[in-house]
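*Asks:* Residue numbers (this note's numbering): 63 to 418.
Everything labelled a hint here was simulated from the structure, so no lab data went into it.
You may find that some hints are simply not true.
Stated by the list, open to error - In silico lysine-lysine, DSS-like type, Cα no more than 27 Å apart, as pairs:
1. Lys318 - Lys303
2. Lys208 - Lys243
3. Lys303 - Lys123
To be verified - Estimated spans, in silico, between C-beta atoms of each pair:
4. Val271 - Arg142: 30 to 36 Å
5. Tyr300 - Thr141: 33 to 39 Å
6. Val365 - Asp67: 40 to 46 Å
These numbers come from a predicted model, not from an experiment.
Glycine is no exception: its CB is placed at the ideal position from the N, C-alpha and C atoms.
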Amino acid sequence: MVKGDMKQYILDTINGDVVYISRTPNIKIGGLSSSKAFIPLELRIPEGVKIGRSVLEIALKVPRENITWRLKLNGVPITREFKPNDIVELKNFYFAKLVYDVTPIIKSMEDKRRNRCSVLMKYEGSEELFISHVALLTAFETEDAKSSVSMVSGALALEPGETANISIKHKPDVGLSGELKTVFISPSTQARISIRFNGEHLYLVEGIVGGDELTLKVSNVNEVNNVEIKHLDTPTLYYPKELLLSSILLLQTHIKMPKLEVKDIILPEKISRGDKIKAIIVNNGESKPDKALVTLIHLGTTVYQEKLPALNPGEETVIEIPVNIPRGEYSLILRIIWRKLTKTYFVDKRINVNVL
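Please model the entire structure based on the sequences and the hints provided.
*Replies:* Here's what the structure looks like:
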């Protein structure tokens, strides 16, 4: 029989983008080990956005239901009490899940524009505990994107041959494909895990031991969705035998994207070392990029790099790239790289030159 429970913590539509930063470190603290663990989470805050809701979730294997610990995020105390939202008793340990709304702490990062969050846990018990999963979900509010996001979190344990059916409510953006993220702890490389979404078989997980995050594309997103996680029976016995499920995230996002293109390349009739290549760059997208740069690459090595202005839709710019390479014939790559919210894109243009 499947043990444990999962609850839906997020069911929302926002004007903005959503980022989910997840780690499955399997860090041991307590006993003869260190009494504290420091877990960094890289949170890159895009330019010109406001931080919306932010949720921190932590999954642990603990020796008892009641322990004494301390938890901090970015140096700010969150709790001294261990009160799991969900906990399931297994043979030699408890699998526990804790979920916190940390919006005020993360919002304080807006002005500082720092890129790293840090989770600090302290536990000085004589028995060991293991940190299995730490994740931070954060919404970035902007008119250049719209997201439908649902998150189910908890502590679920499945033995071989058992199946869990998890219902996820959602506010679907009709016609838009989605992402389904699942975070689980596999007991053995021999374990086999089947994942279905609304009756469609998506993936078979094999050869993994320990924590893992799996991201799958889904198309048939409804207002009520069923995720089926099946821990398949195998002829091989392994211990521990429970598959642990920590989180499921369903996300649909539409971003008004910039689309930078190389409109034209202007070469001198004869190129000598120190001459310049002119490139006309245009934005044929729906919004301006947060950041953009141009690089010139030869045989995988960057020989020139320059920042580009944040072009508005329809706007173009001319850049001049010096040719500081020895005489000879070259096949160069002009690469335009740009970033919008949580996404990075690039486009390449090949240039053949003969330096005299």
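*Asks:* Now tell me if each hint is right for this structure.
*Replies:* Hint check:
1. Lys318 - Lys303: Status violated; Cα separation ~46 Å.
2. Lys208 - Lys243: Holds, because 19 Å separates the two Cα atoms, which is no more than 27 Å.
3. Lys303 - Lys123: holds, 14 Å
4. Val271 - Arg142: 30 to 36 Å: holds, 33 Å
5. Tyr300 - Thr141: 33 to 39 Å: holds, 35 Å
6. Val365 - Asp67: 40 to 46 Å: Violated - the Cβ-Cβ distance for Val365 and Asp67, about 57 Å, lies outside 40 to 46 Å.
In the structure shown, a violation is registered for the earlier hints numbered 1 and 6, in ascending order.
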